[in-house]
Amino acid sequence: MLTETTNVQSEPPALVAQFTSSPRGARLARQLAVRHLEKQGYPPASDASCAVALVVAELAADAVLHGRVPGHGFGLRVALDTAAGVVRVEVADAASGKRPPATPPSSAPEGESGRGLLLVDTLAVRRGCAARHPLGKTVWAEVPVARSTSVQET
Numbered sequence: 001m002l003t004e005t006t007n008v009q010s011e012p013p014a015l016v017a018q019f020t021s022s023p024r025g026a027r028l029a030r031q032l033a034v035r036h037l038e039k040q041g042y043p044p045a046s047d048a049s050c051a052v053a054l055v056v057a058e059l060a061a062d063a064v065l066h067g068r069v070p071g072h073g074f075g076l077r078v079a080l081d082t083a084a085g086v087v088r089v090e091v092a093d094a095a096s097g098k099r100p101p102a103t104p105p106s107s108a109p110e111g112e113s114g115r116g117l118l119l120v121d122t123l124a125v126r127r128g129c130a131a132r133h134p135l136g137k138t139v140w141a142e143v144p145v146a147r148s149t150s151v152q153e154t
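Numbering (UniProt numbering), first residue to last: 1 to 154.
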């Protein structure tokens, strides 16, 4: 039997999903993150949802472009931490040796790519990368969010 308890003090459940390492998988990850935030009281057009959508899109695109290992997809975890006022976005891929740079690389203004980490740094209060065992890495970012108007104060 499945039971669900409601505890106002507890955090909403995190979104955890796996995707194919493809542009379609990255797009689906972004769309699912937006739907997840909407269930938490952040409408798709809200600043919080738009910022998280952009961060998910950039991290997922990097996993597809730079972290792809044949036969492996990428994982997404989106968790709201209301106490800290952040949404933590984690994207895990199978490429252990390809870690993102600690600071975003400079990009030529006319270049077609190279601005993803700059965008993530602008939107997130913190970001980082951690090794996964036995294979891969998890790239994460924490995006600040205002308290949802649907969250009740106690």
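Just to be clear, a hint being listed does not mean it is correct.
To be verified - Derived Cβ-Cβ restraints for the label pairs, each shown as a range:
id, residue 1, residue 2, range
1, K39, V125, 19 to 27 Å
2, P43, H66, 15 to 23 Å
3, P44, P134, 31 to 39 Å
4, A14, P44, 14 to 22 Å
5, E11, P44, 20 to 28 Å
6, D47, G71, 33 to 41 Å
7, P43, H133, 19 to 27 Å
8, L135, P43, 33 to 41 Å
9, S22, A45, 36 to 44 Å
10, K39, L119, 22 to 30 Å
11, P43, R132, 17 to 25 Å
12, G97, G41, 33 to 41 Å
I should point out that these hints are in silico values taken from the structure, not numbers from a laboratory.
In this text, all values refer to a predicted model and were calculated from it rather than measured experimentally.
No residue lacks a Cβ here, since even glycine has one placed at the ideal position from N, Cα and C.
Run the structure past the numbered hints and jot down the numbers of the failing ones, going up.
Hints 2, 7, 9 and 11 not satisfied by this model.
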